[in-house]
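Please build the complex by placing chain F on the supplied structure of chain R, with the hints as guidance.
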Amino acid sequence: AQKITQTQPGMFVQEKEAVTLDCTYDTSDPSYGLFWYKQPSSGEMIFLIYQGSYDQQNATEGRYSLNFQKARKSANLVISASQLGDSAMYFCAMREPWVSGNKLVFGAGTILRVKS
Amino acid sequence: DGGITQSPKYLFRKEGQNVTLSCEQNLNHDAMYWYRQDPGQGLRLIYYSQIVNDFQKGDIAEGYSVSREKKESFPLTVTSAQKNPTAFYLCASSMDDKQSPLHFGNGTRLTVT
Numbered sequence: 308a309q310k311i312t313q314t315q316p317g318m319f320v321q322e323k324e325a326v327t328l329d330c331t332y333d334t335s336d337p338s339y340g341l342f343w344y345k346q347p348s349s350g351e352m353i354f355l356i357y358q359g360s361y362d363q364q365n366a367t368e369g370r371y372s373l374n375f376q377k378a379r380k381s382a383n384l385v386i387s388a389s390q391l392g393d394s395a396m397y398f399c400a401m402r403e404p405w406v407s408g409n410k411l412v413f414g415a416g417t418i419l420r421v422k423s
Numbered sequence: 162d163g164g165i166t167q168s169p170k171y172l173f174r175k176e177g178q179n180v181t182l183s184c185e186q187n188l189n190h191d192a193m194y195w196y197r198q199d200p201g202q203g204l205r206l207i208y209y210s211q212i213v214n215d216f217q218k219g220d221i222a223e224g225y226s227v228s229r230e231k232k233e234s235f236p237l238t239v240t241s242a243q244k245n246p247t248a249f250y251l252c253a254s255s256m257d258d259k260q261s262p263l264h265f266g267n268g269t270r271l272t273v274t
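Here the protein sequences come in this chain order: R and F.
Offset between the first sequence (1-based) and the working numbering: plus 307.
Offset between the second sequence (1-based) and the working numbering: plus 161.
Next up, chain R with everything else stripped away, as it sits in the complex (with noise of 0.2 Å):
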């Protein structure tokens, strides 16, 4: 059974508007931790943002938020103010400690284009 969904394989966006990048999850633990990461062409892995299961708030992280919407298992990060050097894949995973030890399980990413 697939884990995270990404739904949107690709996504354009103006450069200095917002744009939302969707991730739904799935999961029979109650204790969990959310997170998103950014890879550019180069390859490496940026980590970005992390969310608990249960922080009362959403995370944020400079122009990086994240929607949390615990009932939906919902998990979209909002990039504010696009900038160029923001085009890159963007990936959502998450880790449950009690059902897999920990590890992390990733989504098949979105790759976003800013446009100037």
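Think of the hints as simulated: they come from the structure by calculation, not from any bench.
Take every hint as true, because none was put in to throw you off.
Below, a list of computed lysine-lysine pairs in the BS3-like style, where the Cα atoms sit at most 27 Å apart:
1. R:Lys-310 <-> F:Lys-244
2. R:Lys-422 <-> R:Lys-323
3. F:Lys-218 <-> F:Lys-170
4. R:Lys-380 <-> F:Lys-259
5. F:Lys-218 <-> F:Lys-244
6. R:Lys-377 <-> R:Lys-310
7. R:Lys-310 <-> F:Lys-218
8. F:Lys-218 <-> F:Lys-175
9. R:Lys-310 <-> F:Lys-259
10. F:Lys-232 <-> F:Lys-170
11. F:Lys-259 <-> R:Lys-377
12. F:Lys-218 <-> F:Lys-259
13. F:Lys-175 <-> F:Lys-244
14. F:Lys-231 <-> F:Lys-218
15. F:Lys-170 <-> F:Lys-244
If you're wondering where the values come from, they're calculated on a predicted model, not measured in any experiment.
What follows is chain F alone, placed relative to chain R:
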């Protein structure tokens, strides 16, 4: 500076040969991971280790082997039994708790012909 070092960046091998990818970390992390990435796709877990001298199979362990003799090192061997070994391989490490992100190396691009 602390980090994860993967070497080499590019690796070329003939079919039928085993090849070992290096991964070293100086972050004092307990857990280490190996992922495989195929073009345009997500990361799939090959093996992971939460403690020295112990490791578990991930989702696509067939044709691969690992060892964890030291906390700092987690080498991956791609054996001749791996049917489609050409891929981008990423090593990662983390503290062994659910809040800690994975820190990744820069990857090794393996091409087998």
